[in-house]
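Peer 1: Spelled out, the chains give:
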Amino acid sequence: MSHFIDRRKSAKGKSAVNRQRFLKRYKSQLKRAVGEAVSRRSITDIDNGEKVSIPSRDVSEPVFQHGSGGVREGVFPGNREFVQGDQLERPQGNGGGSGSSAGDSGEGEDDFVFELTRDEYLDLLFDDLELPNLVRNQLKGATEFKNVRAGYATAGAPSNIDVVRSLRGAIARRVALGAPHRGRIRELEERVEALLRDGLGEQSPEVRECRDEIRRLRARINTLPFIDDFDLRYRAFTRQPEPTSKAVMFCIMDVSGSMDESRKSLAKRFFLLLHLFLQRSYDQTEVVFIRHHTTAAEVDEEDFFYARETGGTVVSSALHLADGIIRDRYSSGEWNVYAAQASDGDNWESDSPVCRELLKRKLLPFMRYFAYVEIRPIRHQTLWHAYEQVAAGMPNFAMQQIDEPEDVFSVFRELFKRQPA
Amino acid sequence: MSERRLICDTSEWSFPLLERFDQEIGRIAEKTYGLDTYANQIEVITSEQMIDAYSSVGLPINYHHWSFGKQFVSTEQHYRRGHMGLAYEIVINSDPCIAYLMEENSLPMQALVIAHACYGHNSFFKGNYLFQTWTSADAIIDYLVFARSYVAECEQRYGTEQVELLLDSCHALMNNGVDRYQRPAPLSLAEEERRQVERETYLQSQINDLWRTLPSAESGDGQAKAKRFPEEPQENLLYFIEKNAPLLEPWQREIVRIVRKVGQYFYPQRQTQVMNEGWATFWHYTLLNRLYDEGFVTDGFMLEVLQSHTNVVYQPDYNSPHFNGINPYALGFAMMRDIRRICEAPTDEDREWFPDIAGRDWLEVLKFAMANFKDESFISQFLSPRVMRDFRLFSVLDDTSREELEVTAIHDEAGYRHIRQALADKYNLGSQEPNIQIFDVDLRGDRSLTLRHYRYQDRPLAGTVDEMLRHIRRLWGFKVRLESVDERGRLEKLAEC
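Respectively, the protein sequence lines represent chains A and B.
Residues 1 to 421 in our numbering are what the first sequence spells out, letter by letter.
Residues 1001 to 1497 in our numbering are what the second sequence spells out, letter by letter.
By construction, these hints were calculated from the structure, which means they are not laboratory data.
Cβ coordinates follow ideal geometry from the N, Cα and C atoms, glycine included.
A couple of the hints might just be wrong.
Per the computed footprint, the stretches of chain A lying under chain B, defined by three or more beta-carbons under 8 Å from a beta-carbon of chain B, are [claimed, not checked]: (1) 69-76; (2) 111-117; (3) 159-170; (4) 220-230.
Coverage of chain B stretches by chain A, computed from C-beta distances (three or more under 8 Å per stretch; other residues unrestricted) [said to hold, decoys possible]: (5) 1318-1331; (6) 1408-1420.
With the hints as constraints, model all of the structure from the sequences given.
Peer 2: So this is what it looks like as structure tokens:
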């Protein structure tokens, strides 16, 4: 009388629509949460989902309820010491003495915390940046395979039939199979002609015999099928993985006293975006963090964004270091080298021409791309002007000024325009 | 017992084994104990699907709404982090009765769940008067299919946002959408679809009539004005809105109705938690023990079953950190067992307290109790001094007008009746939910709607009042007012929107 059904294989995601609706409804809160989260998390794990929280009063679904107060009588289990008539101190916290309401209100105050999937997270993160759809898809895409023609096959899907090839085969077959008959027909016709020339009439037995045989042979040629299964040729394909390779990204940042937290956070967004792009486009992506003031050092991410330094600025120190690292570890044959430099543009005046020459002669020839962003400069200084000269001559160099988070993407778009992936 | 009867001794389940267990459990349930059940449809699902099932409030199919997504997100989150285990089973009051088993369960757990859900809950759904009156097990799935496609169609036609706003407001009033004293008409899909169209046109004409702006010739004398609309206060807010809200479009009325119907479907469940779980727990315990006695399962199997069973009926004391109110499984199971004990081996105390059931056939008494009571009446009828002693129950009075709490009764001769009354009262819907009724509509004036909150034990309404009034206003379309009447009949204006 019972009926068993195995539902494990049937569609999951029954709640996907409801989940989307929920996210849509709380988009503004989520966006805020995601924005805050960006500054917290490391560049390299941007790819994961994100835990976000919404104040629970925002997502509450109200109903008519009793509030605290009034008269209520609770019944509780586990009496040990009480007798009738005991007076008890009112417990602190919530006004009621009833167990269930205590439990409920205790939990109710917490934020509503949950995790976004990676795609949801990326959507929200780039929402402000108006990332074009094409780019967004590329960012999210998995390793691509390309279907490549691989000659012809004798088996395949009907949609892949190559008509020309198949018919050519059919003609060849018909020619080949019909050839002996045609040869014989030719012989017989010559013979008939000879016989007729010799004065024999149409009705003579020899001529009739020949004519009969010719007719028989013609019939046999006609029975050869116009096209046979055997003739069919299909276009064959094989899946080839797109050639992908390794990339390294240099993050170069000025950490002199003039770069404050908000500037660093803008820089971080830019680095993050670039890293994401590289990760999508290349199998393996490494990140090198170089920070500099008057001297440069390779550091880990934590130090890169959060350690504080003061002092002057010598940009060329970082470029020297990057150059050294490239030569040591990333000989440009197998590595695609990208670099992003963030600074507020404050540099020793005499150092800027050095930077220009360094870039032009040493770095850029080995690099796929070098992006320089100047973050909220007070005014453009020598470094900007020196770099402008570089940009004029080098196609793989871009520079932009970033004042607000929204600007980050325009810089990034620049990169995409030149390096269509 | 003979080795040959043993079904198996593994703890891995498989479909043939499940069927075998179901067969035996079903045989015992029906032949030995005469449980009357709907046919079972047992579905094995993954934990992820279980979370899905959770988030559509246990319904196998439902219309789309963000609140279900919220539920899903939070359940999934808690589950992933290990904050909570999922229920072993979900069972749906439908005919055939659908039960979900999780694939993670071991074989003994699956057997336990089959006994619990497919025979325990199932027979409760079929037998209890509240379920018989308020739900139509054979039509609920069809109705939900209708509801889902209707809501989807409205979304297409009028925009998701419109529908969502409406549903938000309806959901807020979902608990106020039941006629508590009137028996609803049974559901049927074909009927619903046919009548839906009819209703649309008819309703609209009714509304228009109600709101006719032309004054009739003879009106104008004081008598007509004194007549209130509605003549009697209405407790079914959603029904009243569906029928009388002046500005709702026909499709909006239909959606109000859908929410009302779904709310009504859950109405019995809110009132029979202790009984329903107690009954199901009692039967998985009884059926599986019987299975063991007849030699179908091994000792190890039974130990695993008993371990889960013990966890389910655990009742922490009031001062334990795990305490979270009275566990309905524990209380219900203890009471069911106690009724059986009173029938089979009554003491003098039982004879005094339960003269009419002491010594009678326990099966008959239990079935009678299951069929004809809800939590409140079940407790006030059957909670025995023995159970109160076992639970060491005591009652505490919390009156905000007084400095201190007072222990009003404990589990002794003087306190039994008081505790029983107090506990039964906790399960009274009136004490759980505020009593709010539609009192008046200003037909000739600004069309404003007046609601009255009848205070129970002097308890005020929670802080959601303003928000709630906004929702009601959205449905009603005109000004909404809420008044509060305390137990001495004094009127107080609470809010207006």
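Peer 1: Run every hint past the structure and note whether it holds.
Peer 2: Evaluation of the provided hints:
no.	hint	verdict
1	69-76	holds (count 8)
2	111-117	holds (count 4)
3	159-170	violated (count 0)
4	220-230	violated (count 0)
5	1318-1331	holds (count 7)
6	1408-1420	holds (count 8)
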